[in-house]
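All chains should be built: construct the whole structure from the sequences, respecting the hints.
Residue numbers for the sequence shown follow this note's numbering, so the first one is 1 and each next one is one higher.
Keep in mind the hints are simulated off the structure, nothing from the lab.
Virtual Cβ for every residue (Gly too), placed ideally from N, Cα, C.
Don't take each hint at face value.
Unchecked claim - For each label pair, taking beta carbons as the anchor points, the in silico distance ranges come out as:
1) S53 with E106: 37 to 45 Å
2) G175 with L125: 21 to 29 Å
3) N145 with G14: 29 to 37 Å
4) T262 with H211: 22 to 30 Å
5) T61 with V101: 42 to 50 Å
6) L141 with I198: 41 to 49 Å
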Amino acid sequence: MLHVLVFGAVFFPGLFLLTRRVLASIFKQWNNADLVLVSERCVSTVHALLATSSGFIVVTTCKNVMTDRHWLATAFVWFAMPYMAYDIYAMYLSHWYRFQVKGHEEYKEHSFRTVNMFLRRECLLVLHHIVLLTILLPITLFFRNELGDFFIGCLFTAELSTPFVSLGKILIQLGLQDSILHKVNGVIVLFTFFLCRILLFPYMYWVYGQHYGIPVYRVPFHLPLSCTLGNICVLAPQVYWFYMLCRKGIRLYQRERKMRETASN
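The structure is reproduced here in structure tokens:
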């Protein structure tokens, strides 16, 4: 699988550079912060679409949720590992250009201070990437004894909400934050995020319980403690991010309602 790892290490940064160059030729008025932000979101969307498609294939193929195998369950993990490392750098680059454009003195050049400020600002998201890269992905590849491809496929489908999150940021960049498309996309973001990043975990526990003929509330005691703790570590930030998305949605709704009331008066 080394060739798959190398391909991923070339594909995602290469796609980022290509997207940035194409956008620069189309949107000549955009600055570096705009170009990097949208390029990063485009690459995230491509990764999410590939992950979700792979997950759907694995889930629908594996009838026995514990023993059935599909080559994508392993191959896509190798392919996606470089993406996690690339995405941390791309997020930092987006952060750096955004504050440079705003005129912050510290951002005239890259330094330990700018890296530290990025890590403090995006601590949870960076930690999430690092945990996936250093703990969960190696466990998926080497320590599950070739069992549970079905559940690996389920985890891939958690990326379903990412294209809609990225689309929302791109629409804002294009000045379409008040459009109907942006509002509809916001509803889709909440629905897909809740479905594939939160409800996904109770669903996997329910499927596991059905396989072994035990009620869902007993599944955590049937699984190794490390598995349950790992699921909690992955689920916890998803719940927090969903809460933040709901808060943002409520603020936007209240702002629009006030604007309508003002206009009617």
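Comparing the hints with the structure gives:
Checked against the hint of 37 to 45 Å, the pair S53 and E106 passes, with Cβ atoms roughly 41 Å apart. About 26 Å separates the C-beta atoms of G175 and L125, a value consistent with the hinted range of 21 to 29 Å. At roughly 35 Å, the beta-carbon separation of N145 and G14 lies within the given 29 to 37 Å, and the hint holds. Checking the proposed 22 to 30 Å range against T262 and H211 shows it is violated: the Cβ atoms sit about 57 Å from each other.
For the pair T61 and V101, the beta carbons lie near 47 Å from each other, so the given range of 42 to 50 Å is met. With their beta carbons about 25 Å apart, L141 and I198 fall outside the hinted range of 41 to 49 Å.
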